[in-house]
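Based on the hints, put chain B in the right spot on chain A.
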Amino acid sequence: MRVGALLWFCLLSGLVPALAHAAAAKPVVTVADPYLEMHTGPGVGYPVFHVVERGETVTIVKRRTEWFKVRTDHDREGWVDQAQLEKTLQPSGEAVQFGALGFGDYSARRWEMGALGGDFGGANVVALYGARQITPNLSLEVGGSQLLGSFSDGWLAGVNIVHNFFPEWRASPFFTLGTGLVHIEPKATVVRTEDRSDQYAQVGTGVRAWVTRQFLLRAEYKSYVMFTSRDDNEEVNEWKVGFSFFF
Amino acid sequence: MEGRLFVFLLGRALPLALATGLVAPALAAESADAKDEPAAVQQRVIEPDIERRDIKEPRIDTEDFEVGGYGGLMSVEDFGVNTVVGLRAAYHISESFQLEATYGQTDTGKTSYELLSGGAQLLDDSERKLSYYDLSFGWNLLPGEAFIGRKHAYNTALYLMAGAGSTKFAGDNHFTAVAGLGFRMLPNDWLAVHVDMRDHMFDTDLLGEKKTAHNFEAQIGLTVFF
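Line by line, the protein sequences are chains A and B. Heads up, the final residue of the first sequence is numbered 253 in this note's numbering, and it's a clean run with no missing numbers. Heads up, the final residue of the second sequence is numbered 227 in this note's numbering, and it's a clean run with no missing numbers.
Everything labelled a hint here was simulated from the structure, so no lab data went into it. Be aware that one or more of the hints could be misleading.
Computed footprint of chain B on chain A, listed as stretches where at least three residues anywhere in the stretch have a Cβ under 8 Å from a Cβ of chain B [what the hints assert, rightly or not]:
(1) 73-86
(2) 139-151
Away from chain A, derived, C-beta distances all over 10 Å, residues of chain B [unchecked claim]:
(3) 71
(4) 96
(5) 136
Positions of the beta carbon are idealized from the N, C-alpha and C atoms, including for glycine.
Isolated chain A, as found in the complex (with noise of 0.2 Å):
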């Protein structure tokens, strides 16, 4: 019994402090506008059960996609939409600035991720991809791709320097090369061949372009040549969509 007590209280005291800190933590601002309205869900169309008026404060709890959590000084707790938050002040009197990450931010992105689908000559491609900016134009990126064919199975596995032609650009066009290793094995339910694993190169174009926030669509087309072991090399076109997002 005592040591349960006392666990508790070790328990609360190491969790209080912790808490507290992170409500001090907390930013306040002060309504500017004649109200500020308080929905009841994040979501246009959740009724405004409340209002604050100008000159209260409110403090700011979360955030979930473009809505904003807000608790006023009497503990009532309520969604408020970016636009609107907007209109508050600071402590300092400047006004409340979220960065809705926008264009800007995509021409000074680091990191990119993404997921493409399309056609792999005639089979279905699923493709995830991670890209590294090294200079606004270029920059490299690591994929893997699995392929679900009607007779055979694969992977694609590589690495491609992409060059962007205008990345200041809403929509730029991209030049891109690589090479990498390709596995295919036939379906269990066709006739056995053997399973092979060569080495390819890869030549593409597309499109990339910035939708909102930190997303992307993405459009391309590539040509790849399989080393194989034969006498002849294969030569293969795909293409795919899908979106990025980049951070």
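Just chain B now, with coordinates in the frame of chain A:
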């Protein structure tokens, strides 16, 4: 092989790279013009004493990610209905849209043929396991509130999901299209209870004839926002 790589580089890569090379210098020339202004113009007459204070983004706990697990039943066409368990991760892009990745697995049963014929086995034990992953796009079709009694109101959403992925079953990977409908209820700010219906569609010729198999899944899940 090196010879072939050389031919590839010369034949395909070089023309495209050259096109790039022609564009880049033109762009560089544009930015060079700005540097030609006299230094005196560039230097300010009065240097302001007070530096402009940068408005820093306040530190706010942003909860756009959602992770959790689910369990339920999955019907695998011709192979019976079995329990399914899975993991889910989602990113909320806006109040209306989200991206979701799921991974799930289930064991499948025997086909009617295997049961009636007595000893015939279509698949071995490892081939009978089904696992899938998919990436899908979700739209919160009907956001709203649910009420329990007089005092409790919880935020909810009815959402549509559609996406694609891969299903590993019977020794093969199948390209899979996924579509579904889900209901999400939030008991508090950071916890969500999901009830989902999904259809995993893939082409198979396992039983001789090629067909699109519809594999329905009903699941209940729990996720946390962070």
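These are the hints, each one checked on the structure:
1. 73-86: Holds, because 3 residues of the region 73-86 of chain A bring their Cβ atoms closer than 8 Å to Cβ atoms of chain B.
2. 139-151: violated (count 1)
3. 71: holds, 21 Å
4. 96: Its Cβ does come within 10 Å of chain A, the nearest being 5 Å, so this is violated.
5. 136: violated, 5 Å
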